[in-house]
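Those protein sequence lines, which keep their order, are chains S and E.
The opening residue of the first sequence carries number 150 in this note's numbering; numbering runs sequentially from there.
The opening residue of the second sequence carries number -5 in this note's numbering; numbering runs sequentially from there.
What the hints contain is simulated information worked out from the structure, not anything from laboratory work.
Glycine included, C-beta positions come from ideal geometry on N, C-alpha and C.
Be aware that a few hints might be false.
Claimed, not checked - Computed footprint of chain S on chain E, listed as stretches where at least three residues anywhere in the stretch have a Cβ under 8 Å from a Cβ of chain S:
| no. | stretch |
| --- | --- |
| 1 | 26 to 38 |
| 2 | 125 to 138 |
As the list claims (entries may be wrong) - Derived CB-CB ranges, DEER-like:
| no. | chain 1 | residue 1 | chain 2 | residue 2 | range |
| --- | --- | --- | --- | --- | --- |
| 3 | E | 128 | S | 161 | 27 to 35 Å |
| 4 | S | 228 | E | 167 | 40 to 48 Å |
| 5 | E | 37 | S | 228 | 33 to 41 Å |
| 6 | S | 218 | E | 162 | 34 to 42 Å |
| 7 | E | 186 | S | 177 | 39 to 47 Å |
| 8 | S | 159 | E | 186 | 31 to 39 Å |
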Amino acid sequence: MMAGTEGIMRCEDALRLLAAYLDGELDRNEHFDVERHLEACRSCYSRAEFHRLLHSRLAGLGRREPDPEFGARLAELVRHVTRGGESTPHPE
Amino acid sequence: MPGVMTKHFTDRASWFETDAERLLPDLYGAALRLARNEADAQDLVADAVGNAWTHLASLQDRGSFRGWVFRILHNCFVSRCRSSRAQATEEPYEEEGAQAFSLFERLHQPFLLWWGSNPEQEFLDKLLREDLERAVDALPENFRVVVILADLQGFSYHDIAGVLEIPIGTVRSRLARGRSLLQRALWRHAVDAGLRSAGEPDGRGGDDGRD
Chain S
150 MMAGTEGIMR
160 CEDALRLLAA
170 YLDGELDRNE
180 HFDVERHLEA
190 CRSCYSRAEF
200 HRLLHSRLAG
210 LGRREPDPEF
220 GARLAELVRH
230 VTRGGESTPH
240 PE
Chain E
-5 MPGVMTKHFT
5 DRASWFETDA
15 ERLLPDLYGA
25 ALRLARNEAD
35 AQDLVADAVG
45 NAWTHLASLQ
55 DRGSFRGWVF
65 RILHNCFVSR
75 CRSSRAQATE
85 EPYEEEGAQA
95 FSLFERLHQP
105 FLLWWGSNPE
115 QEFLDKLLRE
125 DLERAVDALP
135 ENFRVVVILA
145 DLQGFSYHDI
155 AGVLEIPIGT
165 VRSRLARGRS
175 LLQRALWRHA
185 VDAGLRSAGE
195 PDGRGGDDGR
205 D
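Next comes chain S alone, as it looks inside the complex:
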């Protein structure tokens, strides 16, 4: 753990903000402060890298190409509903 280095955020503060930092949810100043801390602190950097990797594995679950049969049925459904098979929105 690092603490007290001049101008560098403490570990406990960086870790409190780490999730929001990795999610891109911090404002510019906070983002910069966490980034500086990670550049200077091996322990927190390792932790951030672990969560980045875990997140990228999870992101890989987000997209699933429908198998050909289901894909064809879906494409057919989309065309069906837009061409009057379902009640349609009032055209503006």
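Based on these hints, arrange chain E on the given structure of chain S.
What follows is chain E alone, placed relative to chain S:
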């Protein structure tokens, strides 16, 4: 001017077809983790697409189409859950107060960095896609939905709040809790699969703020 209206309508249909089809892999990916089986996930996506077209007039801004469709997908999921709620066996979880779990704390061994070994990386390398799917599927619904939207679909906290119609503070707390539970599930899987020793600590302490 019927001709103008018809053309406008045709443009909307064409635009909807293009954008909906482009979104299908994301919708199906999310639906699989919501429904936790292929047949229900396919029905969910079909419901969402049909409802999206039916309610297209309520879409204010085409730029927000993705979030809007995911909101419909989630509403379809909630409706289906309600109809089968009598059989639901969701584990009740308090959103606050339960102790956070840090997978990193369980795995990290700083001295090994100098030895050229990285147990965290090795752990993630050994995880199969189905291990991750199982861990996500095991999350209680409220947390699973937020993890799906944030970590699988990349929505911002603000957009998730819009999709689920909940305050952004609730998004943050559910996401933190969901991630903690997810990491605990992955750890337990690692122990069960013999990837890690059962003698290592399981879930007490180690709150690192990320969980």
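A quick look at each hint next to the structure:
{"no.": "1", "hint": "26 to 38", "verdict": "holds (count 3)"}
{"no.": "2", "hint": "125 to 138", "verdict": "holds (count 3)"}
{"no.": "3", "hint": "128(E) with 161(S): 27 to 35 Å", "verdict": "33 Å, holds"}
{"no.": "4", "hint": "228(S) with 167(E): 40 to 48 Å", "verdict": "42 Å, holds"}
{"no.": "5", "hint": "37(E) with 228(S): 33 to 41 Å", "verdict": "19 Å, violated"}
{"no.": "6", "hint": "218(S) with 162(E): 34 to 42 Å", "verdict": "40 Å, holds"}
{"no.": "7", "hint": "186(E) with 177(S): 39 to 47 Å", "verdict": "44 Å, holds"}
{"no.": "8", "hint": "159(S) with 186(E): 31 to 39 Å", "verdict": "37 Å, holds"}
In summary, the one numbered hint that this structure violates is 5.
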